[in-house]
Each structure stands twice: as C-alpha cells, then as structure tokens.
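Input sequences plus hints: build the corresponding full structure.
Below are the chains, spelled out letter by letter.
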Amino acid sequence: MRRRLVPGLAIPVLVGVPLAMGTSWTVDLAAAAGGVLCLLAVLRASLSWATAGAALALLSLALARPDASSSADLFLLVAFGSAVVLLLDGTHLCDRFDGAEVAPILWRRLIGLWVARAATSLGIGLAIAALAPLIALALPPAWLPFVAGIGILAAFGAAVAWVRRSMGG
Amino acid sequence: MRPSPLLAPLSVLTIVALGLALAVGRPELVLVAVPLVVALLSARRLGVASGIAVTVVPSATTLVEDDCVDLVLTVASPQTAAPSIEIFLSLPDSFVFVDGARHLATSLDAGDTVERRLVVRSTARGRGVVGPVTLRLTDHSGLWVDEAMVASPVVIETYPRVPEIRHLPRPARTRSSFGNVVSARLGTGLEPGDIRAFVPGDRVRHINWPVSLRLGKLHVTQFHREQNADIVLLLDTLAETGAHPQSSVDACVRAVTALATGYLAQKDRVGLVEFGGYLRWLKPATGQRQLARLLQAAVSADQVFTHAVRDLDYVPATALPRQALVIAISPLIDERFANAVVELSGRGYDVVLLAVSAVELTRRVLPDTPLDDVACALWQLELGNRLQHLRHSGIAVAEWRPEEPLDIALASLSRRMPARAVIR
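So the sequences go chain by chain: A and B. Every position in the first sequence, counted from 1, becomes a number in the numbering used here once 18 is added. Every position in the second sequence, counted from 1, becomes a number in the numbering used here once 1 is added.
Please note that the accuracy of each hint is not assured.
[Claimed, not checked] One-sided excerpt, in silico: chain A residues whose CB lies under 10 Å from chain B:
1. LEU79
2. ASP91
3. LEU111
4. GLY117
5. ALA121
6. ARG127
7. LEU131
8. THR138
9. ALA148
10. ALA150
11. ILE170
Hints were generated in silico from the structure; no laboratory data involved. Quick reminder that beta carbons are idealized off the backbone N, C-alpha and C, glycines included.
See the structure below:
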C-alpha cells in the first residue's frame, strides 16, 4: 500500500505550482479538480484518471502562468513536467506491480532512471532558457511565433521518430 | 513487441502541453513538456520475451493436504538484457503462497540467471497444474512490452489427509485367503470358537484339558479362522454442498481414504465405486499399489450431476463381489443414492452406510440469518428421519459430522464377533 502512494508525491507539485502562480478562481477550480482526479488515480492505480488529472493540472497551469519568466519559474515548470511524468509512470507501475514481489535491483534501476530523466529535463530546460533570449534578440519579433511553432513540431517529430526507431530497430 | 498503456497518455499530455503553450501564447510552457519528451525519448529497443528461459521445478509432485512444496523458479536471459521482467506463475487457487508471490518482478542483464525458491502450501486435494509461466518484458521506460508464455506445466497431485481410525466396520463374510478378520469358519486361528469331542487326527495341543477333566472325555477347542475380506467403498458424487476444500464430497473422500488405508493395512482387498454423474470403479485388490490407485481415484473424485438414473448393474461382479462388505459414504442429498443402497441391501450385500452430515458444512457458507438457521435445523431433522428409515430397512447406519473425528462415528458401527455358525 505504501508503494502505491509514491505517485502521490506529484500531487502537491501539480496543484501547488498553478496555485502559486495564479490567483483567479478558474485556476483554483481547475487545480482543485485536477488534484482530486490525481488523488483518485493514485488510490485506484488508474492511468486513465491520472491522465485526466494531469491534463486538468496542465490547463490550470496554462491559465495561471504569468507573463515574465525567471530562473525560479524555469525550475518550477520543469518540476511540474517531471511531476506529470512521475504521476503517470508511478501509477502505471503501481498497476503493473499490484501484488507483485519486486526485486530490490529493479527498484534501484527505476529510481536511477527517474533521477536521470529529471536531471536531463532540467539540463534541457536550462539550455532552452539560455538560448531563447538569444534567438529572440537575433530574430525580428514577427518571426518568433513561427520559430516557436517550428521548434515544437520539430521536437515532437523527433520524439515520434525516436520512439519508432526504438520499436522497429 | 507492442506499446504499453503508458505510451498513449504520455504522448497525449505532451501534445496538450505543447498545444496549450501555443494556444495561450506563452512559449515558456514548452518547458513543462520537456520531461514528457525526455520520457518518450528514453524508450529503448526491447528483446523478445520468448527468448528468456524459465523453468519451474517442484520439490515433490505428490503431496498430502496442507503439505508445503518448494518451487524453484529459474529465469535466464542468455542473449538480451531484460530491464524489467515480470513473471506470472499460474497456480490453482488451492495453492497458497507461504514464501513468495504469484507475480514476481525483477531485472536481468544479458547472460544473467535469477533463481527464486517459492514455498506454496496445498490446501485442498486435487490435481493441480503449475504453469505455464507468463512473462512480460518491459523496457526501461515502460513504454514497450513483449509477452510470452514459457515453461511447460507441471502436475502436482494433492492427496487428502488421512485421519487415523481404529474402529473399522467388521465384514460379515470373509474370503478364503489369510488375513486379520476373524471369520465365522472354524480352522487355524487364534480366536477360540467351538469345543467338540476329540477325534483321531486332532492335535494334542488343541485338547481343552479343563473341559476334558470335567466331562471325563477328551475334548478339543476349535478356533476361528483369520481371513481377509473384500471391502467396496461406494462413494456418492451425485450431489455436493459446502465450499471446497470443506465440501461434502471432500469430507466423503477423506472418509474413503481413511477406510481404504485402514482395511488395506489389515490385508483386506479394497475396491471403490464412484456413484455419480460418471460411474467409475476400481476392482478390489490389496497392497500398497492398490492404495496408490485408490488415492489417485480419490484425488480426482468430483461431483458431476446428472438427471440420468445410475444403476449399479453396470458395475461388473468383479468390482462388486457378492461377499464384499459395501461401505456407502454419502451426504444423502440425492435420493437416488439412498435407493441404490437399499437395493444393494435387498440383493443380500452386507451394506454399511456412513452418512456424512453436510448441514454444518453448508451452514458455514451461508449467511448468518434466522431463515437459514431454521432451514438447517429442518434439514438436520429430515436427515435424522431418513437415517431412521434406512435403519428400519436393515442397513447399519452411522452419522458422521465432519467437524468430529471419524473414529467416533465408526465406533458406533462396531459389530460383534461372527456367530458361531460352524460350517463343516
């Protein structure tokens, strides 16, 4: 049962970050609803509930996000994304390992993977935060939304290509 | 290899995060998607689950109820690494884990071998199949899985626990072979029988000196022969009540094994007729091999209901000898079994009925309501009435409540020594 509660560590981040950034009632409502769904997902080890809760938490963050960014916000945003991954991955693992006897080596490897992922995400986040102002300065303001869109599409395309290559060899 | 259920939510949330960043015009929200994209990119190529070798070796293939058995599970990944491997061991419900679990998860490098000793207890008689083993291989990220069924099944037979009994119903008729049953016939034996006048050829040591002195003429003591007997155990599998492994058929099977063990220990020939949906029989025989055959038949005995009226005429005479003591074991739920017993008695068979009271066994699985209390009380009365009716039909009847020792019920069936009807 204690193992099942581990993904619950993500809930304070998923609810707290949007509430810390915005104060409107829509943000409060979306964050609270997302938190309830995430809690249900953790208790029932349900990936569907976790997806719905994480989507609501993302929505509340989008509504709450103030305009200017700082280094503290960068850390919070990466932590928020990592919390989403922890919630999904943790819920999925709890569902998979329900009633199972799990060898300690597997836990060690999973924890190592999670730490490595979080560190990589933070590094990439730092790189984006460092490069984004330089690009903004170098390009005319009218081009910026297009560059952002191209970047997003390129990142997602790369992810899909990577996954396909992993699957098909 | 196929995507796991985790891939779709991760992909959807990545798109949602990126889409929201575009929709609200705040590019810094892309940073939220970074860990999700990293998680998606951490997927790796996966080996084939069927390439992993799994063996399950039990420490014993025959058990007695409540015995424990060690299952040595060996998992080897000779070629590819298995970052996360889950093993689902298929076991019957009657097997309870003492050490270990049905579902194991571990991680293997290429060439690694993992051995795990599981201890399971068999709680009920039956033929249990251990295996096959289902393997689920997952990559580090948990995004890709491959499943396979490996390892051939192993059959483990659980024999019913045999309660110790000292009182066995005495057969009225015996066979000509040597045994432990004191026969009505006179001959060589230990049990004194009749006394008659000495005739030439009688052994001197058989002369009964006190009688001879009193009567003034030599008399000899005759002895009862000690012979073996044919015992046929008639098992009722027409109906069953209660929950396995404490059902009425389970109780009947325990009685069968106890009686078979007891009679075979005193060199009698024991046979079995299973009277149910299927009519099965084992011809009477003696020895340890027959005990093993009887136990195997008892392991698989199960209730099979049929509307067809079963007739003991189908049982060959060699399986149901005329001189045999027939011990019918039944919860007396189905009227047809009682009719068959009465018919056997009417044909001149020496019949004893061990009525296994299933009232308490059924009461255990019913909710504790006054209505069920009344129903069970009525059932008990009806059972008593039926037993009385069978006693009036000339059948020796004993009622056994499975929560009590079997010996108590069998003690009430103890018969007197055979009458001194001298057969010359």
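Hints, one by one, checked against the model:
no.	hint	in the structure
1	LEU79	holds, 7 Å
2	ASP91	holds, 7 Å
3	LEU111	holds, 7 Å
4	GLY117	holds, 6 Å
5	ALA121	holds, 4 Å
6	ARG127	holds, 5 Å
7	LEU131	holds, 5 Å
8	THR138	holds, 5 Å
9	ALA148	violated, 12 Å
10	ALA150	holds, 7 Å
11	ILE170	holds, 5 Å
Violated hint: 9 only; the structure is consistent with all others.
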